[in-house]
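Residue numbers (the working numbering), protein chains in the order written: chain A, 264 to 489; chain B, 264 to 489.
No wet-lab data here; the hints were simulated from the structure.
Note that this is a predicted model, so its numbers are computed, not measured.
Where hints are given, some of them may not hold.
Calculated cross-link-like contacts (lysine to aspartate or glutamate; reagent style EDC-like; alpha-carbon spacing at most 16 Å) [to be verified]: (1) B/315 / A/321; (2) A/315 / B/423; (3) A/446 / A/423; (4) B/446 / B/423.
Computed from the model, here is a short list of chain B residues facing chain A with C-beta under 8 Å [claimed, not checked]: (5) 308; (6) 319; (7) 444; (8) 448; (9) 458; (10) 462.
Even glycine gets a Cβ: it sits at the ideal position worked out from N, Cα and C.
2 protein chains.
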Amino acid sequence: MGQSSLLGLGCVGLKVEILLFGIENPMDVMEFFQLSTGTWRSQRTTHHLAFKRTEAGESAIRVEAFAADHPQVIEICQLHEVDPALAIGGAFVSWNGAMSWDRNDDENHEGSTVFALIPDADHPRQGILLRERGYAEIVPIAGQYHMDDENGLVLTTEYETMSSIERFWFASPSLRMRTSTVKRFGGFSTATFCTEMRVADAIASAVESVPETAVEPTQYFSVLGC
Amino acid sequence: MGQSSLLGLGCVGLKVEILLFGIENPMDVMEFFQLSTGTWRSQRTTHHLAFKRTEAGESAIRVEAFAADHPQVIEICQLHEVDPALAIGGAFVSWNGAMSWDRNDDENHEGSTVFALIPDADHPRQGILLRERGYAEIVPIAGQYHMDDENGLVLTTEYETMSSIERFWFASPSLRMRTSTVKRFGGFSTATFCTEMRVADAIASAVESVPETAVEPTQYFSVLGC
């Protein structure tokens, strides 16, 4: 079997698909959030690395992309003392879900966040993401983002006592995935994986509450919902 | 708070770390496998997308990088009728672990694989990965790989009735991560996330068997162990 028959195994079709989603069709960050608009059912797993334990959860996540001139985008820029004219847009994200931890307690997690996106002047596929609040902190939080060569959105955020690196990508227009790692005091504490399927609003509102949580409640919430 | 104070939040340090692992220090695929050499404890979660169920597991994984002139690399090239002089090396990977599914049955998973790496002549960070066998298939299997701009190894493999896309990356030299998605009959069936911590051999051999499996045994095994 030579090189040509290896290609005949069918690798080429998938490669083309990757390229369509990647470097041959580079997406900017607002295209990413526009593709994210709608309601998603998120299936989530957190690996607590030190404890070698796994925590599972489900949530419904709603994403709305905001144009650059949306009043809430302007407001967040002003909060951070950044010229609103530099923003290319933003998004509103809300979530409603539950996490499981030992299946012996219950706690619902819901919340929302708004953010604005400020691309670098010379590198339009990267920049700063300004949030209204940093969840674990009271002060406004800014993270650094870039779109990678597979059209993944990579977001790095430093808080006072922790930092996170998240990567979001589309396996298909209706399947979004993410991984995130959180460092506390310089060491990795958790790694989380979410698979998110696009759903109709009616179905999303019927997401069952999974019994559960919180020996150690997860203090960290992602920019794309929890 | 202006742009300079945003940088003062500490984003820069993490950004530098990402760049060290990424585009400013691009890794080739053999460097990836050399960094992977050793024994790892893998914490694994599979999301069965249609069933909205989560399957957990643990394994010990051992990786050994092979030089281009290793007899097993040459043998695999010959099996695929590819000139062994084109190979830049390969690896031997073995694993021993267990997956849980409803915690009402037991099944151990162990196995090993050997593969050879053939870079593209004009794009040395991408190429073809030749395997001795494709796990689910009897015929020799070839996948396409590339190193992405964050030094992630992306591997795409098509089988007769399924295809997989895997991405492996290092969060640190002793924490390797991976995601993989499997498509069957054109639709996504599973998404898997593994966090893999480097361990001493003595510790790895003591990995406890997690009670286990298999209403629907996972037919798909990754190139970097199961």
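Do the hints match the structure? See the list:
no. : hint          : result
1   : B/315 / A/321 : 9 Å, holds
2   : A/315 / B/423 : 36 Å, violated
3   : A/446 / A/423 : 11 Å, holds
4   : B/446 / B/423 : 11 Å, holds
5   : 308           : 4 Å, holds
6   : 319           : 5 Å, holds
7   : 444           : 5 Å, holds
8   : 448           : 14 Å, violated
9   : 458           : 5 Å, holds
10  : 462           : 11 Å, violated
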